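Protein chains in written order, with this note's numbering: chain A, 1 to 135; chain B, 1001 to 1176.
If you're looking for bench data, these hints aren't it; they were derived computationally from the structure. All values reported here derive from a predicted model rather than from experimental measurement. Even glycine gets a Cβ: it sits at the ideal position worked out from N, Cα and C. Please note that the accuracy of each hint is not assured.
Unchecked claim - What follows is a list of derived Cβ distance ranges for each label pair:
1. THR107(A) to LYS1176(B): 31 to 39 Å
2. ILE116(A) to GLU1060(B): 53 to 61 Å
3. LYS1176(B) to GLU37(A): 45 to 53 Å
4. PRO101(A) to ILE1015(B): 20 to 28 Å
5. PRO1030(B) to GLU84(A): 27 to 35 Å
6. LEU1023(B) to PRO114(A): 56 to 64 Å
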Amino acid sequence: MLKEKILIIIILFLIQLSLGSSGSVEPDEFLENNEQELRARNISKHIRCMVCQNQSIDDSDSPLAKDLRVLIRNKIKKGKNDDEIYKFLSDRYGDFILLKPPLKFSTLALWFLPFIFLGVGVFFIFIHNKKFNNF
Amino acid sequence: MRNYLFKIPFIFFAIILLIFFYLLIIERNPSEIPSALLNKKIQKFESHSLLYDKKFVSDEEFADEVILVNFFATWCKPCRDEHVFIKKFSNVDGLKVIGINYKDNSKKAIKWLKKLGNPYSNIAIDAKGKIAIDWGVYGIPETFIINSEGIIKYRHVGPITKKTYKRISLLIEEIK
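Use the sequences and the hints to build the structure in full.
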């Protein structure tokens, strides 16, 4: 009985996870053009809410997030491309507003240190095993 | 030799721990993000003036002077807390204090200033928060220091306290 209950809870949890977040976009914000709306949603998912800081503006209910969602939609309507919109925002709020940090000289360590650590780790395991086999 | 080599990962790990520990104990606010606009020219804008019956044109207001720009609103409690320090800044020689009234009710704002005193030489109305976005503002109150060439030299997020008042005052003297 208890097992079944636990199983049901796990299943419900997984269903909830798979549904994902529907975002905080309010109905009055939607663009009529579906393709444009999808682009706006996609950009919003990659822009950090500066108020909450660990949420995208697509997920956030803060007034600033709403302003930025509307701003992104207005820029799309005016024919700006995605890169121009990302640049507009990072020019004002810095790279911090991009949830995915850009690859540039100052972020090289951020992007490649994990691989270097992995390499070093594999190297030491390799040597250790070799030494162990020699015994 | 080999045993020596094996100590390297542990030393590495210890160094990383020390770095993390250091970042934990030093006095810093990780949620305060440095402005991307530091050392850049201010964005031009036009809006209505809250104090005068005319337009607020940034080109006319920001010229040849050291300027303190303060984003505020009557609905923002910390803005009220820092108001006393903004008033102190308005008495500093050679410093112009400009306000930007963020998403506020103009009538309430005028009443608020009458009650608490008006430290601003002019105030731009930012009804929809567009000026704020252009300035990279994310949490009012925010305060900027602009040098006489119209370049942003400093940005402070949150209310000005005694401590930040002293720091900003020193900075203004340096810039002047």
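These are the hints, each one checked on the structure:
One distance hint, 31 to 39 Å for the beta-carbon pair THR107(A) and LYS1176(B), holds here, with the actual separation near 36 Å. For the hinted restraint 53 to 61 Å between ILE116(A) and GLU1060(B), the CB-CB distance of approximately 54 Å keeps it satisfied. Between LYS1176(B) and GLU37(A) the beta carbon distance is about 50 Å. The supplied range of 45 to 53 Å therefore holds. At roughly 23 Å, the beta carbons of PRO101(A) and ILE1015(B) sit within the given window of 20 to 28 Å.
For the pair PRO1030(B) and GLU84(A), the beta carbons lie near 30 Å from each other, so the given range of 27 to 35 Å is met. About 18 Å separates the C-beta atoms of LEU1023(B) and PRO114(A), a value inconsistent with the hinted range of 56 to 64 Å.
In the structure shown, a violation is registered for the earlier hint numbered 6 alone.
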